[in-house]
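*Asks:* Residues per chain, in single letters:
There are 2 protein chains.
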Amino acid sequence: MDAAKGLENPVEETLEAQVKAFFDSAPPLHNSGEITQKLNHFIQRNSSPSSARRIVCVTSGGTTAPLEQRCVRYVDNFSSGHRGATSTEYFLKAGYAVIFLYRRRSFQPFCRSLPDDPLLECFIPTNDSNIQVCEAYSEAVKRAIVDHHAAVAGGLLLKLSFNTIFEYLQMLQMIAMSMRNIGPRAMFYLAAAVSDYYVPWKEMVEHKIQSGSHLLDVKLVQVPKMLLVLRNDWAPLAFCISFKLETDTNILLNKASAALEKYKMHAVVANELGTRKEQVVVVTSAEKVTVQRDKSPSDNDVENPLIKLLSEKHATYIEDSSR
Amino acid sequence: MDAAKGLENPVEETLEAQVKAFFDSAPPLHNSGEITQKLNHFIQRNSSPSSARRIVCVTSGGTTAPLEQRCVRYVDNFSSGHRGATSTEYFLKAGYAVIFLYRRRSFQPFCRSLPDDPLLECFIPTNDSNIQVCEAYSEAVKRAIVDHHAAVAGGLLLKLSFNTIFEYLQMLQMIAMSMRNIGPRAMFYLAAAVSDYYVPWKEMVEHKIQSGSHLLDVKLVQVPKMLLVLRNDWAPLAFCISFKLETDTNILLNKASAALEKYKMHAVVANELGTRKEQVVVVTSAEKVTVQRDKSPSDNDVENPLIKLLSEKHATYIEDSSR
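So the protein lines, in turn, are chains A and B. Counted from 1, the first sequence has number 38 at position 18 by this note's numbering; the numbering is strictly sequential. Counted from 1, the second sequence has number 327 at position 307 by this note's numbering; the numbering is strictly sequential.
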């Protein structure tokens, strides 16, 4: 019977084995108890019958794949986290509660108009050796602190951070499991730039790779396609959006359509590295919608129309699910 | 004649060719004019005959080696920049002017006791929708801004940032060239974790590497040993300190001694990943001095005794040079 099942479904079987190998090899999260507690509290708070909100998990920033167990070198995926941070602000505006799963030191919601190092660049000493905000940043700094505090203290924004691909996927799984019983009210907005390749923890050298030889040959294996696991097993009822980033426009839309089908996403947001802050294309099974940044000053992020569109699609999805 | 010279000195010839290949392949710095101007101004300001200061270039944080020209993936060297940021504070205390060459978003001088995201974590809104520092961070935040501002505005701290190994080495060369005419008054304190391997720019694929295959095989070549070029060509009179970080204690001191000799450093600071905030060993041709953190609260960084020791050695070096 098992053999027959294996023949019917060889791809799924292989993926399952890959996923098991990945998680078996991952170093355990050291604060998983605390994270679970925070998640449960957050989801419960936003699920009271009188005011049940939609909850979105926004992932943001790049993941790293360590090359050594006591990590000195790693392969990193570039991502500032600008998309995730900006989208989080618009999801909050649209009435969502947001679980913001972000790479440490990537962009934070409400802070993207500030310099890299806002404490040192936006404040100056006063004559009485106190401090004050520079005139030029006064409004932006105040708004960042007030709006961020309102979202966190109001129980609408939960921030969880990661560095490695191991941490990211373990936390994503925990979030998905916690969100299971809110059904279609859950959305996953997977804007993080996730490593495609990793070195299995147990195959890694323990110590720093020595730099004696002229050539370094690093062999990485593919990270299992967790999007499919998320859709099939972790959160089968949630509304799932993934991203496709390419530098080559010619292959972008085809790759987005392929991802939509392969991973059973509800939508794939296709963006090109050079123009990603100006326009994106939302690819669904029914259509391809180009979303452009409105250049009028009051509405100057492409994430504004993007989140509006996705929020509408999510609302329709929830309605359809309850029929 | 050229052939004979080549035979006499094959290693140097090879290094020279490697260095040329590296710089020929590097994408040009787009703001090099501005950097040169800042450097010249800074060095001149700290070299007036009445108050000529010693000037140290502190390098800090890890460098990245891009795997693609339009960079999505890169190999990164882990380093928070804690050593460089802390050392900068003690160099300023010891009367040095500091050129702080740091990886973007790594630790900054005067800020290491603050949380990762000081703006969002140290400030809260007040009732009148203004902002204030949280009680717990009040002193630390004030001191960071006041001390940092004093150093920068006083012309004693020049901060220059990099991301890639290409940016880092081009800027290090520019700094060394600018410091040439202050002779032995210059110090290089090379605490940055510099990539040992890179992909030559011209051999890189222009577009994002496609993730189709099960295995990714990345081949990197060795970065030329620029320490030797710094000592021999760029800044032959400067006092040069490099660092050796290992995770394996057994090989650490031997590797530090080997580096001292191979790169003609004046001292190599040997540190082990697990204990690097507690103790380091300063290796010179004459001795190996273990430097330990003093655990009394007023003097709680290993960098305090370390910079004292190196400052003394540098003073002796300057004296010896003028004889």
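There could be a bad hint or two in this list.
Note that the list lumps identical chains together, so a pair holds whenever it fits in one copy or between two copies.
Claimed, not checked - Think about it this way: if two alpha-carbon atoms lie no more than 30 Å apart in a straight line, the pair counts; the simulated DSSO-like pairs of lysine-lysine are:
| no. | residue 1 | residue 2 |
| --- | --- | --- |
| 1 | K308 | K58 |
| 2 | K308 | K222 |
| 3 | K239 | K222 |
| 4 | K297 | K222 |
| 5 | K275 | K222 |
| 6 | K239 | K113 |
| 7 | K284 | K245 |
| 8 | K40 | K239 |
| 9 | K113 | K40 |
| 10 | K315 | K282 |
| 11 | K58 | K333 |
| 12 | K58 | K328 |
| 13 | K58 | K239 |
| 14 | K282 | K297 |
| 15 | K40 | K315 |
| 16 | K162 | K179 |
| 17 | K239 | K275 |
| 18 | K245 | K333 |
| 19 | K58 | K297 |
In short, the hints are calculated from the structure, not lab data. Source: prediction; values computed, not measured.
*Asks:* Failing hints, ascending?
*Replies:* 1, 2, 6, 9, 10, 13, 15, 19
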